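Protein chains: 2
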Amino acid sequence: MDEGTGRKRGGRAGREGRRSRRSEVKGQAPAFITRAIPFYEILGEEGLDRIETHAETILQEIGVEFRGDDEALRLFEAAGADVEGPRVRFERGLVRSLIATTPARFTQHARNPARSVEIGGPHTVFAPAYGSPFVRDREGGRRYASIEDFRNFVRLAYASPWLHHSGGTICEPVDLPVNKRHLDMVYAHIRCSDKPFIGSVTAPERAEDSIAMCRIVFGERFVDENCVILGNINTNSPLVFDAAMSGALRAYAGANQCTVVVPFILGGAMGPVTTAGAIAQSHAEAMVGVALTQLVRPGAPAIYGSFLSSMSLRSGAPTFGMPEPALASLVVGQLARRLGVPMRCGGSLTASKVADAQAAQESADALMPALLAGANFILHAAGWLEGGLVMGYEKFMLDADHLGMMHVFMGGVNLDDNGFALDGFREVGPGQHFFGCAHTMANYETAFHTPELADNDSFEQWRDAGGHDAEARAHQRWKQVLAAVESPPLDEGIDEALREFIARKKSAMPDSWY
Amino acid sequence: MDEGTGRKRGGRAGREGRRSRRSEVKGQAPAFITRAIPFYEILGEEGLDRIETHAETILQEIGVEFRGDDEALRLFEAAGADVEGPRVRFERGLVRSLIATTPARFTQHARNPARSVEIGGPHTVFAPAYGSPFVRDREGGRRYASIEDFRNFVRLAYASPWLHHSGGTICEPVDLPVNKRHLDMVYAHIRCSDKPFIGSVTAPERAEDSIAMCRIVFGERFVDENCVILGNINTNSPLVFDAAMSGALRAYAGANQCTVVVPFILGGAMGPVTTAGAIAQSHAEAMVGVALTQLVRPGAPAIYGSFLSSMSLRSGAPTFGMPEPALASLVVGQLARRLGVPMRCGGSLTASKVADAQAAQESADALMPALLAGANFILHAAGWLEGGLVMGYEKFMLDADHLGMMHVFMGGVNLDDNGFALDGFREVGPGQHFFGCAHTMANYETAFHTPELADNDSFEQWRDAGGHDAEARAHQRWKQVLAAVESPPLDEGIDEALREFIARKKSAMPDSWY
Chain C
24 MDEGTGRKRG GRAGREGRRS RRSEVKGQAP AFITRAIPFY EILGEEGLDR IETHAETILQ
84 EIGVEFRGDD EALRLFEAAG ADVEGPRVRF ERGLVRSLIA TTPARFTQHA RNPARSVEIG
144 GPHTVFAPAY GSPFVRDREG GRRYASIEDF RNFVRLAYAS PWLHHSGGTI CEPVDLPVNK
204 RHLDMVYAHI RCSDKPFIGS VTAPERAEDS IAMCRIVFGE RFVDENCVIL GNINTNSPLV
264 FDAAMSGALR AYAGANQCTV VVPFILGGAM GPVTTAGAIA QSHAEAMVGV ALTQLVRPGA
324 PAIYGSFLSS MSLRSGAPTF GMPEPALASL VVGQLARRLG VPMRCGGSLT ASKVADAQAA
384 QESADALMPA LLAGANFILH AAGWLEGGLV MGYEKFMLDA DHLGMMHVFM GGVNLDDNGF
444 ALDGFREVGP GQHFFGCAHT MANYETAFHT PELADNDSFE QWRDAGGHDA EARAHQRWKQ
504 VLAAVESPPL DEGIDEALRE FIARKKSAMP DSWY
Chain L
24 MDEGTGRKRG GRAGREGRRS RRSEVKGQAP AFITRAIPFY EILGEEGLDR IETHAETILQ
84 EIGVEFRGDD EALRLFEAAG ADVEGPRVRF ERGLVRSLIA TTPARFTQHA RNPARSVEIG
144 GPHTVFAPAY GSPFVRDREG GRRYASIEDF RNFVRLAYAS PWLHHSGGTI CEPVDLPVNK
204 RHLDMVYAHI RCSDKPFIGS VTAPERAEDS IAMCRIVFGE RFVDENCVIL GNINTNSPLV
264 FDAAMSGALR AYAGANQCTV VVPFILGGAM GPVTTAGAIA QSHAEAMVGV ALTQLVRPGA
324 PAIYGSFLSS MSLRSGAPTF GMPEPALASL VVGQLARRLG VPMRCGGSLT ASKVADAQAA
384 QESADALMPA LLAGANFILH AAGWLEGGLV MGYEKFMLDA DHLGMMHVFM GGVNLDDNGF
444 ALDGFREVGP GQHFFGCAHT MANYETAFHT PELADNDSFE QWRDAGGHDA EARAHQRWKQ
504 VLAAVESPPL DEGIDEALRE FIARKKSAMP DSWY
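If you read the protein sequences in the order shown, they are chains C and L. Okay, so the first sequence: first residue is 24 according to my numbering, each after it adds one. Okay, so the second sequence: first residue is 24 according to my numbering, each after it adds one.
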């Protein structure tokens, strides 16, 4: 399923590939990143073996519970697992063998084929933050999110060259009924953007609705044969999958769509306070989730996820962008590669309330390890504040700008003759400057990435322009972008069919607010 | 010279070493970092060969000029270089062979032996920013630096557990005469701190004064046999050393003290706009500087430095914390390891005017690559703003806090049995929380690093405490620290001899303000 898209992959890993990718970055942004820098291998074989052994011990001795999902239990029992009530235990190596049919790479198709993304291998895809009940902007402060906020962020992600993906529940539109808002969210992703997106997972029938809407857009047969939507499934750590989550997982896998399986482990609460144990637990939980997708439909795409956080000693509050989870991301990347399954990491994470120095520092410290770890799908790449409680407008713009820099970082160093500039040295010589030399003139416009929101002016220029800090500049910018952005065209027949589907679904059930 | 300090090194690289280092970090901070994570090897052999070949071509074909320093020219000619006027050209491999006597590691002694630092190999040392004429704090704004500011920053670095080094010209005390201020700066480093420091390089006689003051503190023979001071020498890129810099270099090397040789290359001005060429140039210039130290005194310690920046396409202004120099740092680390010489990188760099999101993001994006590159000495690790024009009080505190997190990052993942927490999983089981379990209780206080300035409270707690952003919290904190810090004890006889030396030197020359 990951072949036949007409895109070159393997052949682009060399010097040639680096050149063409760099020019993509400078001109039009690529639909996804193809890394030209190596993975960072933080642990050796021995350490990785040790983590895998502990994960197998957890699965064998303690096991995982599937609560209220008889079908999942039946599938595991049929596959040879030891099922006792909701508890499922696995002999060593069983889960790993069940995972073997998972594709190492696949394409998630967008309704605009130019925005389809490759997930796996050397590729990285950036998606907005996910799941916050609140939004914040510098003017309006912190408030509950609405469907208008949701649409705004879909539009901002659509307008950004550096976000490859439209995300999922970018923020919770709490002004809409809980049992219906997924319809409006999926519709907004389709209508206001043409990038790939994530569907609902809060109940199996909402997952089915999300997939049904994709069938209207892409056609039934295409959806059955190709991945067009992701479902992002959190485990109920430690070591539990509830029926809503495993049911949604089965809905996506059964439709041949991709499930992202994410153990969400706040150290000291849903897992141990020590990193090695949290990694082993995360590995065990993610493997079991991926294995279930393969029991439902062998060959269905899946992504192995991780989300580990640390804890403040002073308050017991979760912390983000800290060194322990950064180290864990690097290890998890290695474990995913050994499994041969695409990997998801969190991106620009922070506990800060505003888009200040804390927010930027923590976000950068979380993002770069995810990139070095080889994460193929980076959720929460833009907008995340307050440990995920808040989607920030200014934070979104600053993060997106940062993602642009990371495109260049992932492009590596160009070592062709022009890169070495020997003619420039011959022309300039010792003690002279390179300002006007031929090499500089020929390369000036493509040599350096220039971010949009960083201020590199002199102090006097900056002061005279108002002395705005980065958050203030980001505030001006999102308003400009939102005022200018237009939704991409959508076939009228499809649009009508989608709105008809939504109206029918909504009228068939009373509003629920829980 | 790097042996016989009684410190274990090689034996600490294993699991045992990681444990002991982690406990150091949690309790009292170590005098320097010993990394437990691998270097990140961004290029393969072929790419590194290609860069080295181009550097040799620059040295052979174009050469380097030593302007106004006949002694340097004489030394190079005697070593077999081709000298023509100020221009020195080198046959391929000559410079590399001259470097061979440089120690791969050495100890820089502090007047408090517990604060001596190991430079080279798996070690990393953090030093404050260097050289800014201005300072900034949130209350007083941006202003010229004074000797009082200088002392303040020496005290803040002394008080921080995460800065290993007192630095050098942390800011320029422009209220003192240019030809005398080095005496007050070196005295402040000795009097207000007991960490190792950097001396003056603005003229050879000021370098000699700096070393003479060290002889008063450490004794003549100790200084002749051990490194107690560094000199930070910038080249006049492209491909020039002026007489002040090469003279200061010879003064430090001749006294068996360490010279840090730093090509300072703003891409498009002092070097090409393309990264590969800038790296080759930096490599050529740094190698020549290190080679000169060895011609002056074989075996003298030296550090191979690099400082590459990028440029804004919009304004031509230098930019910092951008992806191109981040990539360059990673390559330069590999080149230094192949030379077998300790390596210096810049740390928390930014073009921002204030300690905002831009400042923190750029600083983090510059610092982590320096760490992954294996930088042994990281200058500008705290305080840098506005491309080095400004030393920021709040920025200093935020950076120092960030360095604490990086200590933990460099400590790697602890893979001992306690780290895996199997007993914890057995006690807790699926669906229960780890809050009160025995493993959490036993590890709670040492498990997670908690930074000082990050706010991880709930939104309501944060709001009710004033809703301060990170810069505001840092402002409060530096005032508290400065009010509380006391200078470490200094032998009265030494103190008197230093003050006498300074008074004698000052009275022997008229004030100069240029």
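Misleading hints may appear alongside valid ones.
Said to hold, decoys possible - Chain L regions said to be covered by chain C (calculated; three or more residues, Cβ under 8 Å):
| no. | segment |
| --- | --- |
| 1 | 171 to 183 |
| 2 | 252 to 264 |
| 3 | 374 to 383 |
| 4 | 394 to 407 |
| 5 | 479 to 493 |
To be verified - Label pairs and their calculated CB-CB ranges:
| no. | chain 1 | residue 1 | chain 2 | residue 2 | range |
| --- | --- | --- | --- | --- | --- |
| 6 | C | Leu505 | L | Gly489 | 27 to 33 Å |
| 7 | C | Arg361 | L | Asp487 | 29 to 35 Å |
| 8 | L | Ala488 | C | Ala506 | 34 to 40 Å |
| 9 | L | Asp534 | C | Asp440 | 29 to 35 Å |
| 10 | L | Ala101 | C | Asp440 | 31 to 37 Å |
| 11 | L | Glu483 | C | Glu509 | 49 to 55 Å |
| 12 | L | Asp439 | C | Asp439 | 44 to 50 Å |
Since the hints were made in silico from the structure, they are not lab data. Predicted model only: the values in this text are computed from it and were never measured. Don't be surprised by glycine CBs; every beta carbon is placed ideally from N, CA and C.
Now for the hints, and whether the structure bears them out:
1. 171 to 183: violated (count 0)
2. 252 to 264: holds (count 4)
3. 374 to 383: This one holds; 10 residues, not fewer than the three required, reach chain C with a Cβ under 8 Å.
4. 394 to 407: violated (count 1)
5. 479 to 493: Held - the segment 479 to 493 of chain L has 9 residues with a Cβ nearer than 8 Å to chain C, which meets the minimum of three.
6. C:Leu505 x L:Gly489: 27 to 33 Å: holds, 31 Å
7. C:Arg361 x L:Asp487: 29 to 35 Å: violated, 48 Å
8. L:Ala488 x C:Ala506: 34 to 40 Å: holds, 36 Å
9. L:Asp534 x C:Asp440: 29 to 35 Å: The hint (29 to 35 Å, Cβ to Cβ) is violated, given that aspartate 534 of chain L and aspartate 440 of chain C are roughly 53 Å apart.
10. L:Ala101 x C:Asp440: 31 to 37 Å: holds, 35 Å
11. L:Glu483 x C:Glu509: 49 to 55 Å: For glutamate 483 of chain L and glutamate 509 of chain C the Cβ distance comes to about 39 Å; the hint is violated.
12. L:Asp439 x C:Asp439: 44 to 50 Å: holds, 47 Å
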